[in-house]
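Based on the hints, put chain C in the right spot on chain H.
Protein chains in written order, with this note's numbering: chain H, 18 to 260; chain C, 79 to 498.
If you are wondering where the hints come from, they were derived from the structure by calculation, not from laboratory data.
Since the structure is predicted, the reported quantities are computational estimates derived from the model, not experimental observations.
Please note that the accuracy of each hint is not assured.
Example chain C residues on the side facing chain H (calculated, C-beta under 10 Å, incomplete) [to be verified]:
hint: 1; residue: 281
hint: 2; residue: 287
hint: 3; residue: 290
hint: 4; residue: 291
hint: 5; residue: 295
hint: 6; residue: 298
hint: 7; residue: 301
hint: 8; residue: 302
hint: 9; residue: 315
hint: 10; residue: 364
hint: 11; residue: 366
hint: 12; residue: 370
hint: 13; residue: 390
Note that beta-carbon positions come from the ideal geometry of N, C-alpha and C, so glycine has one too.
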Amino acid sequence: MVFKLCYFATSGIILNFVMKILIIEDEKTLSDAIVEYLDGEGHLCEVVYNFEEAIEKIELYEYDCMVVDINLPDGSGLDLIRLVKKKSIAVGIIIVSARNSLDNRIEGLEIGADHYLTKPFHLAELNAHLKSIHRRISFNGSNELVLNEIKLIPEEHRAFVLDQELVLTKKEYELLLFFISNKNKIITKAGLAEHLWGDHMDAADSYDFIYTHIKNLRRELLKKGCKDYIKTIYGLGYKFDLS
Amino acid sequence: MSISLFIYLFGVIAFYFSLRLQVDGNVNKEMGKRKISLIRQMEEAHSSVSQPPGRSEMVLIKPVEKAGSPDRYADTLIFNKEERKYELYRQLNFTETLNNQSFEVQIFKSLEETDLLIVSIIMTMTILVILLILTLLIVNRYSSRMVWSAFYDTVEKINRYDLNSHEDFALQDSDVKEFADLNRVLHAMTERIKSDYLNLKEYTENASHEIQTPLAIIHSKLELLLQSGEMSEKQYKALADAYEASIRLSKYNSTLILLAKIENKQFPESKMVSPEAIVTSLLENLDDLIRSKKIEVIREIAPDVMVLMNPYLAEMLIVNLVKNAVRHNVKGGRLKVEIRETFLRISNSGIEISADENLLFKRFYKSTSSPESLGLGLAIVQKICALYGFDISYQFREQMHCMIVVFNKGVGMDLNRDPS
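Looking at chain H on its own, in the form it has when it is part of the complex:
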């Protein structure tokens, strides 16, 4: 494990822990895109493109998190998950698969995967899942997420600004967490819709509700004295802009 010193405006100096992530995805362009998106999030990413290489890496090194494609040209990602689980209990695993097969999903989650994403997925969604794994591993339960004047307690689904609790609905809380996980990045409306409602909604139906939720969330944040971080990007989506 790697630790590095970080400075946060309100909480002072804490030890921030850097995740080592192994990305196993045979589609090179896709794995590159993943790495590029995660770049700047402070993780150490390594990429392998097939089963053999993945085995080699897993045998040699320890990882905190793994992003695995199930259908590899020379083997099954499920076997890799079993292997890595044998080595470390804390390891976080996210499966990405083109086949939205229930069997794979159930089996993957049973052998210890944390999440199952179906291709094509939103990179913001993958990032949010990595963040939640990151929180689980790094804070071991005493789990607080601090960003400038905002503080979240994910386990209790509570949020504070300057130590005053925000009054948020469940969806609004999820929205805030998703924004913070993908801070400084443009998040599309479709990505938000899928995160909040899953497959249950056709994206276009939910855009109005996203707008309503964001409006409420922003009002609540401003009311408690938070800076206006949420920027609207030309009808495309939103950005939680800290710059």
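Chain C alone, transformed into the frame defined by chain H:
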């Protein structure tokens, strides 16, 4: 049948008359001979009348004033005193002059016996023909049943043929060459169609699967491009449209894959699922949506209803129905969820639709009110219902659109019924 009977009747009558004619001719000829011999006798006897030689013949001779009238044949009835009935006779009248005395001679010849003969011949014929027709009919029916059975079997099987069923298209063998040929050709044809169909299906399914990965790449690259942050509004707009389109495409694609999977019965594992649990969590998830449309939710749920289904498909079924009911609802409308042991009914307020209700379940059918929807939701619902033998129907009543899923008896029956 009636034609042959008619022909036969006609034939019998014609036969009778031709026989009659023949017999009359013969009798006439005989009477002609008799006439000559009678004249000779009369000449030899100078006078007087000789008695007729047989019982079947009578001769009457009476003097007349003048001779010369031609020979005349006729049928006549004569009363038989012994048998007290009229009998049919053939009569020949002629005049002859002997010693300047003219005589009219009448020869009568009984037709009784020939008549009897004719009748018995006709009777025998009739019986024979009737027997013949009956045998023909029986043989015909029996043999045609034998011969055509293969044909009707084929017709029935073609009628029931379903490309999607995994049954073999086996036709009954036939001894009739034509039918055997027909079956052979049909078999070859269905095999060809089936293999073409399976190829096409496999192709589309593979294509759908293979499309997912490139789509994932497009998707992620567009998302990365969004983050680069050095773009004009116009560029953002173009990017946003492309991104939306890629999402739509992948949704279509995964839905079509799902439909194909349901068709191929790739969801074998079933267990008892509770529709109520699914509805509850779904309504919770859609809560803000429902509230923003000011929709009143009415739940009429019988306790402990369980249905034997694949859990994922059960969820898909209910999600699609409820989602539709929310989307097509009006502001301030009602959403009613009824779960009973035998059926599930989801109703929502709305204006009556004019479209054919069968179209509702067609793929890509869209109502004009929500052009953004995929138009595949009800197709999925219908496929799932077909898989489990549920009956899905649509009704519009009391200003509500109702979708009713009737669980099949035996399969979807409530197994954990509360004894109270």
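(request) If any of the earlier hints don't hold here, list their numbers in rising order. (result) 1
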